[in-house]
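Take these sequences, add in the hints, and give me the full structure.
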Amino acid sequence: MKPYTLFLGCTIPVRAQNYEISTRKVASALGLEFIHIPNFTCCGYPISSLNEMTAEAMAARNLALAEKEGADICAICTACTGVLTEVGKKLAEDEKARAEINKRLKPVGLEYKGTVKVKHFARILHEEVGLKKIAKAVTRQLKGLRIAPHYGCHYLKPHEIYEGFDSPEDPRTIDDIIAATGAESVSYMNKTRCCGGALLAVDENLALKISKEKLDQLKALNVDAIGLVCPFCSVMYESNQKKIETTFETSYNLPVLYLPQILGLAMGMDAKDLGFNMNRVKANAALQKAGINA
Amino acid sequence: MAEPIKIDKEALSFRDEVLNTPGGEHLLRCFACGTCTASCPVREVDENYNPRRIIRMTLLGMRDEVLRSDFIWHCSTCYTCSERCPQGVHLTSIMRALKNIAVREGIIPEAYRMQAKSIRAMGKIYEIEDFDNKKRARLGLPELEKKCPDLEAIIAQGELKDLK
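So the sequence lines, in the order shown, correspond to chains A and B.
Numbered per the numbering used here, the first sequence spans residues 7 to 300.
Numbered per the numbering used here, the second sequence spans residues 184 to 347.
Check each hint, because a few of them may be wrong.
As the list claims (entries may be wrong) - Some chain B residues flagged as far from chain A (calculated, every beta-carbon gap over 10 Å):
#  : residue
1  : Leu-195
2  : Asn-203
3  : Cys-216
4  : Thr-220
5  : Ala-221
6  : Arg-236
7  : Leu-243
8  : Asp-247
9  : Leu-250
10 : Cys-258
11 : Lys-307
12 : Glu-342
As the list claims (entries may be wrong) - Below, computed lysine-lysine pairings styled on DSS-like, alpha-carbon distance capped at 27 Å:
#  : chain 1 : residue 1 : chain 2 : residue 2
13 : A       : Lys-112   : B       : Lys-330
14 : A       : Lys-288   : B       : Lys-189
15 : A       : Lys-278   : B       : Lys-318
16 : A       : Lys-96    : A       : Lys-109
17 : B       : Lys-317   : A       : Lys-96
18 : A       : Lys-123   : A       : Lys-149
19 : A       : Lys-102   : B       : Lys-344
20 : A       : Lys-74    : B       : Lys-330
21 : A       : Lys-249   : A       : Lys-215
22 : A       : Lys-139   : A       : Lys-225
23 : B       : Lys-344   : B       : Lys-330
24 : A       : Lys-149   : A       : Lys-139
25 : B       : Lys-192   : A       : Lys-109
26 : B       : Lys-330   : A       : Lys-119
27 : B       : Lys-330   : A       : Lys-109
28 : B       : Lys-329   : A       : Lys-74
29 : B       : Lys-317   : A       : Lys-119
30 : A       : Lys-288   : A       : Lys-248
31 : A       : Lys-119   : A       : Lys-96
32 : A       : Lys-112   : B       : Lys-344
Said to hold, decoys possible - Simulated DEER-style distance windows between Cβ atoms:
#  : chain 1 : residue 1 : chain 2 : residue 2 : range
33 : B       : Asp-247   : A       : Asp-176   : 21 to 27 Å
34 : A       : Lys-119   : B       : Asp-247   : 40 to 46 Å
35 : B       : Ala-294   : A       : Ile-41    : 31 to 37 Å
36 : A       : Glu-39    : B       : Leu-211   : 36 to 42 Å
37 : B       : Leu-211   : A       : Glu-106   : 21 to 27 Å
38 : A       : Lys-288   : B       : Glu-186   : 57 to 63 Å
39 : A       : Thr-256   : B       : Gly-217   : 29 to 35 Å
40 : A       : Met-195   : B       : Met-297   : 33 to 39 Å
By construction, these hints were calculated from the structure, which means they are not laboratory data.
We treat Cβ as the ideally placed atom computed from N, Cα and C, and that holds for glycine.
Spelled out as structure tokens, the structure:
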């Protein structure tokens with residue numbers, strides 16, 4: 007497999023190191039190598055609401071840094087994946103837009119030629135590593151665990167930028183990977199429902215209400231954990247779980263795990279090496295259910 | 184009682200303004216079916232939020248009401264409406280275009296202003312401090328650049344140059 011540059015974005019390096027650690031461990035064990043670029047910045051997503059062209063220039067700068075290394079981008083935040091994929095596609099196809107953006111990159115000594123491909127890590131697992139190789143790497147079946155996948159909007163949508171690798175209405179790639187670990191991937195009504203994360207800074211109560219809906223549903227289904235692939239979805243379902251419990255006088259105590267943490271466990275790695283100690287809602291009961299010491 | 188809505192030259196100029204802003208190109212395709220509103224996760228928890236209404240108000244030229252509305256900042260950018268729209272209106276992109284126009288008018292929520300400020304100064308929303316790099320080293324994670332001067336250069340030459 008060709009090496010990828012690993013794009014971390016803003017949230018992961020300081021708030022979701024468990025996601026980064028587990029991603030790196032799992033990738034390395036499956037033969038996927040990452041190139042480190044220390045000066046990747048914000049992808050551009052928060053800026054796109056304010057000014058699209060400025061956000062595109064930011065995304066293009068990141069794409070140009072990867073291009074200089076001659077490698078594609080593996081992103082693990084879904085919003086970063088969305089913005090970088092969308093801008094990358096536009097600049098690859100539209101020469102005029104590329105020339106326009108390159109004018110803005112000139113003062114920082116960069117030029118983007120339009121060659122970089124962007125994929126989310128879960129997509130790379132499904133598409134390039136493949137379920138067969140993943141199943142072979144599983145040495146500890148997570149039998150008995152019931153995990154609800156949460157896809158994250160920008161992992162799937164807008165579908166025009168994602169080449170049909172999964173369905174926005176009835177997705178299955180994350181279900182497939184969870185199933186490959188021996189755990190049960192639990193289907194539920196609002197599987198593709200947004201976490202509300204984009205609204206947290208603008209209207210906290212509104213954002214929490216959106217997250218609450220899914221937590222309510224998963225509580226009723228009595229799942230052991232949520233499995234997800236975006237740090238901001240985790241901010242909503244895990245970091246804010248206590249706040250949702252207090253605000254709306256309810257309780258969940260529902261562990262929120264990153265997909266590579268789940269996969270790493272099934273590949274025989276220790277929970278502490280996958281950053282489980284950094285998960286705020288402790289997953290000990292779920293781990294014990296699968297016969298693993300926390 | 185509400186006044187009748189006048190669709191005069193000025194009203195139509197708002198349509199053109201949106202149509203000419205990146206993301207707003209497909210505004211005129213809307214036939215007001217309401218699939219967007221029925222699919223919207225924000226609407227699900229707050230009845231005041233209604234994407235179809237925002238599109239209608241835009242088409243009717245209610246510029247001030249639209250640009251000063253909190254609604255445009257309450258889009259979660261989940262793209263569900265865009266995916267399901269039978270007319271290919273690309274609502275999420277229209278919401279983005281409306282927010283971009285509001286910013287040109289100097290309307291910008293404080294949270295976004297703060298984020299933009301951090302990004303301009305450091306390259307990221309959250310600062311990477313020595314503490315973070317030390318912790319990262321302990322965890323076996325590679326060091327990250329603390330500040331990226333490139334973003335100041337990129338933002339300073341663009342439309343957000345005055346946003347500090």
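Checked hints:
1. In this structure B/Leu-195 is separated from chain A by more than 10 Å, as the shortest Cβ-Cβ distance comes to about 23 Å.
2. With a cut of 10 Å on Cβ distances, B/Asn-203 stays outside the contact zone with chain A, its closest approach being about 13 Å.
3. Even its closest Cβ contact with chain A, about 18 Å, leaves B/Cys-216 beyond 10 Å, as expected for a residue assigned away from the interface.
4. With a minimum CB-CB distance of about 15 Å to chain A, B/Thr-220 clears the 10 Å threshold, and the non-interface call stands.
5. Listed as outside the interface, B/Ala-221 is consistent with that label: its C-beta sits roughly 14 Å from the nearest C-beta of chain A, beyond the 10 Å cut-off.
6. The Cβ of B/Arg-236 sits about 17 Å from the closest Cβ of chain A, beyond the 10 Å cut-off, so the non-interface label holds.
7. With a cut of 10 Å on Cβ distances, B/Leu-243 stays outside the contact zone with chain A, its closest approach being about 24 Å.
8. Distance check on B/Asp-247: its Cβ is at least 20 Å (rounded) from any Cβ of chain A, clearing the 10 Å threshold; non-interface status holds.
9. Look at B/Leu-250: its CB is around 13 Å from the nearest CB on chain A, clear of 10 Å, so calling it non-interface holds up.
10. Its closest Cβ contact with chain A, about 8 Å, brings B/Cys-258 to no more than 10 Å, contrary to its assignment away from the interface.
11. Distance check on B/Lys-307: its Cβ comes as close as 4 Å (rounded) to a Cβ of chain A, failing to clear the 10 Å threshold; non-interface status is violated.
12. Against chain A, the non-interface label of B/Glu-342 is violated: not every CB pair exceeds 10 Å, the least being about 5 Å.
13. A distance of roughly 20 Å separates the Cα atoms of A/Lys-112 and B/Lys-330; the hinted pair therefore holds under the 27 Å criterion.
14. A hinted pair counts as satisfied when its Cα atoms are at most 27 Å apart, and A/Lys-288 with B/Lys-189 does not qualify at roughly 59 Å.
15. Restraint check for A/Lys-278 and B/Lys-318: satisfied, since their Cα atoms lie roughly 16 Å apart, inside the 27 Å limit.
16. Taken as a hint, the A/Lys-96 and A/Lys-109 pair is honoured in the structure, with Cα atoms around 16 Å apart against an allowance of 27 Å.
17. Pair hint B/Lys-317 plus A/Lys-96 does not hold up; C-alpha atoms about 38 Å apart against a cutoff of 27 Å.
18. The suggested pairing of A/Lys-123 with A/Lys-149 is violated, with an alpha-carbon distance near 36 Å, which exceeds 27 Å.
19. Simply put, A/Lys-102 and B/Lys-344 have alpha-carbon atoms about 23 Å apart, close enough for the 27 Å limit, and the pair holds.
20. Of the supplied pair hints, the one linking A/Lys-74 and B/Lys-330 holds, its CA atoms being roughly 20 Å apart against a limit of 27 Å.
21. For the proposed pair A/Lys-249 and A/Lys-215, the alpha carbon gap of about 11 Å is at most 27 Å, so the pair holds.
22. For the proposed pair A/Lys-139 and A/Lys-225, the alpha carbon gap of about 33 Å is over 27 Å, so the pair is violated.
23. Distance restraint check for B/Lys-344 and B/Lys-330: the Cα-Cα separation of roughly 19 Å lies within the 27 Å cut-off, and the hinted pair is therefore satisfied.
24. Pair hint A/Lys-149 plus A/Lys-139 holds up; C-alpha atoms about 19 Å apart against a cutoff of 27 Å.
25. Annotation: proposed proximity of B/Lys-192 to A/Lys-109 is violated, straight-line Cα distance about 36 Å (limit 27 Å).
26. For a cut-off of 27 Å, the pair hint linking B/Lys-330 to A/Lys-119 stands: about 26 Å separates their Cα positions.
27. Restraint check: the Cα-Cα separation between B/Lys-330 and A/Lys-109 comes to about 23 Å, which is no more than 27 Å; the hinted pair holds.
28. For the suggested pair B/Lys-329 and A/Lys-74, the alpha carbons sit about 21 Å apart, so the restraint of at most 27 Å is met.
29. Taking the CA atoms of B/Lys-317 and A/Lys-119, the gap is near 36 Å; set against the 27 Å cutoff, the hint is violated.
30. For the hint linking A/Lys-288 to A/Lys-248, the alpha-carbon distance of about 13 Å falls within 27 Å, and the restraint holds.
31. Taken as a hint, the A/Lys-119 and A/Lys-96 pair is honoured in the structure, with Cα atoms around 12 Å apart against an allowance of 27 Å.
32. Restraint check for A/Lys-112 and B/Lys-344: satisfied, since their Cα atoms lie roughly 17 Å apart, inside the 27 Å limit.
33. In this structure, B/Asp-247 and A/Asp-176 break the distance hint of 21 to 27 Å, their C-beta atoms being roughly 41 Å apart.
34. Our hint of 40 to 46 Å for A/Lys-119 and B/Asp-247 holds, since their Cβ atoms are close to 43 Å apart.
35. Evaluation of the 31 to 37 Å hint for B/Ala-294 and A/Ile-41 yields a pass: the beta carbon distance comes to about 34 Å.
36. Taken as a hint, the range 36 to 42 Å is violated for the pair A/Glu-39 and B/Leu-211, whose Cβ atoms sit roughly 49 Å apart.
37. Distance hint check for B/Leu-211 and A/Glu-106: the Cβ-Cβ separation is about 25 Å, which falls inside the suggested range of 21 to 27 Å.
38. Separated by about 59 Å at the C-beta atoms, A/Lys-288 and B/Glu-186 satisfy the suggested range of 57 to 63 Å.
39. Judged by the Cβ atoms, the range 29 to 35 Å given for A/Thr-256 and B/Gly-217 holds: they are separated by roughly 31 Å.
40. A hinted range of 33 to 39 Å for the beta carbons of A/Met-195 and B/Met-297 is consistent with their spacing of about 36 Å.
Consistency note: the structure conflicts with the earlier hints numbered 10, 11, 12, 14, 17, 18, 22, 25, 29, 33 and 36.
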